[in-house]
Amino acid sequence: MKDAAPTLADLSLDDLIVCPTCDAVHRLHKPRAGERAICGTCHKVLIAPRTNAGLHIIAVAVAILILIIGAATFPFLEIDTAGNKNAVSILDAALAFSGGFMIFLSLATAALIIFIPLLRALLTLYVLVPLVLDRAPARHAIRAFRLSEALRPWSMAEIFAIGCAVALVKITDLATVTFGPAFWMFGILVVLVIAKDNFMCKWSVWNALEHPKTG
Amino acid sequence: MERAGTPQNRISAREMGIVACTRCTKAAPLGTDICPRCGHALVSRDALSLQRVWAFWIVGLMCYIPANIYPMLRTQTLFQVDESTIIGGAVELAQYGNWGIAFIILFASVAIPIGKFWAIAYLALSIKRPVEGSNHRRMLVFEVVEYIGRWSMIDIFVVAILSALVQLKTLASINPGVASIFFALSVIFTMLSAQAFDPRLIWDAQAKSGGTRTT
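Just so you know, the sequences run in chain order A and B. Residue numbers for the first sequence follow my numbering, so the first one is 1 and each next one is one higher. Residue numbers for the second sequence follow my numbering, so the first one is 1001 and each next one is one higher.
FYI, nobody ran anything at the bench for these hints, they're computed from the structure. From the three backbone atoms N, C-alpha and C, an ideal C-beta is built for every residue, glycine too. Any given hint could turn out to be false.
[What the hints assert, rightly or not] Calculated pairs, SDA-like style, for lysine to any residue (alpha carbon to alpha carbon, straight line, at most 20 Å): (1) 44/A - 1014/B; (2) 1169/B - 30/A; (3) 85/A - 1043/B; (4) 44/A - 1146/B; (5) 1128/B - 1028/B; (6) 30/A - 1028/B; (7) 1169/B - 126/A.
[Claimed, not checked] Some chain B residues close to chain A (C-beta under 8 Å, calculated; not the full set): (8) 1018; (9) 1025; (10) 1030; (11) 1031; (12) 1034; (13) 1052; (14) 1054; (15) 1141; (16) 1161; (17) 1167; (18) 1169; (19) 1180.
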């Protein structure tokens, strides 16, 4: 809802919400679960709460954790041609850039594919578990959530998944490629990461961190 | 939901003497340094943000040139060594009949990065001088750049998977070329450039010009 300028200025700062993309000020009106609040000027989604979102997101984050650890350790792909075999895990693929200064690229790739998504899942759990249990937020929860949001564009697990598909199509005529268990784990992982990011309402988490329901 | 707050009667936070946190949308009085809710640095309008955008943009462009000149992939089959650049490799694939993969590689490694350079330059220039194109269109360009920018990394991941997988002793082995690190740097710097861009400047420029450019 939007009022004319004089009325807006009378409200306290706690009753206002400002769109981060276009700086338009609105009066805060928290929508019900399933509804969305969008900016009147640029239509960016500001608040989008859902019922039991906290519990669902925690479940998804735990699943992501297990899948990442599994996908990183089990064999990912195996190639077989003319008697020569080679099995690789995801870590092998990330560390494929070796030799001289390319080692930095290895570390960066491993970070983008595995460590940053892992870190984000852990941070999400750290922040959400106390909130869902109606306890006081964990120490540093605010910094943790800020870090998790800052790292969001740098989590590239799903891009790696598509990259695998491209690479496989490239060599599938040359040799037989079999999928290890990590391959399927990674596929599910990618879907879950995308679901978690779209399901969580950031504003609701910030609001809960600011006004915790203790007791 | 009623569609309030058309661009003509948008009240910007800066006009009201407030500064908004771009992480958690909380409003605070102008002049506050740190968001009281999430601790993120509060900046109403950063005069240097455009400088940062251009600086990262230039470095990204500088890295993109060697990325296309040096070889990206080094294929070693039984008797010959084959070094191919990004574009050269895609052309080869097309000649072999793999049109789909060649298109994906050309799209993700050439069309998207060049499109990003152009789009960020367009947005940065549009702040300083009036250009054709409404605010909504420029907002759309910005959102597309932010979202699609990460996908250029797909080529790096394809190289990583191929290099790790195809290590079949003397029969065939694929290794990454020097171009991969330049290309990764180019993608990272263009991502940083897009992140440094403050979308609120787009809406400010329109308000200054009298708010007559919509659609």
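Each hint, compared with the structure:
1. 44/A - 1014/B: Given pair residue 44/A, residue 1014/B holds - Cα atoms ~19 Å apart, limit 20 Å.
2. 1169/B - 30/A: Since the Cα atoms of residue 1169/B and residue 30/A sit roughly 62 Å apart, the hinted pair is violated (cutoff 20 Å).
3. 85/A - 1043/B: violated, 56 Å
4. 44/A - 1146/B: The hint holds at about 14 Å.
5. 1128/B - 1028/B: Given pair residue 1128/B, residue 1028/B is violated - Cα atoms ~28 Å apart, limit 20 Å.
6. 30/A - 1028/B: holds, 19 Å
7. 1169/B - 126/A: Judged against 20 Å, a Cα distance of about 46 Å means the pair is violated.
8. 1018: holds, 7 Å
9. 1025: holds, 5 Å
10. 1030: violated, 11 Å
11. 1031: violated, 13 Å
12. 1034: violated, 11 Å
13. 1052: violated, 16 Å
14. 1054: violated, 20 Å
15. 1141: violated, 13 Å
16. 1161: holds, 4 Å
17. 1167: holds, 5 Å
18. 1169: holds, 6 Å
19. 1180: With a minimum Cβ separation of about 6 Å from chain A (threshold 8 Å), the hint on residue 1180/B holds.
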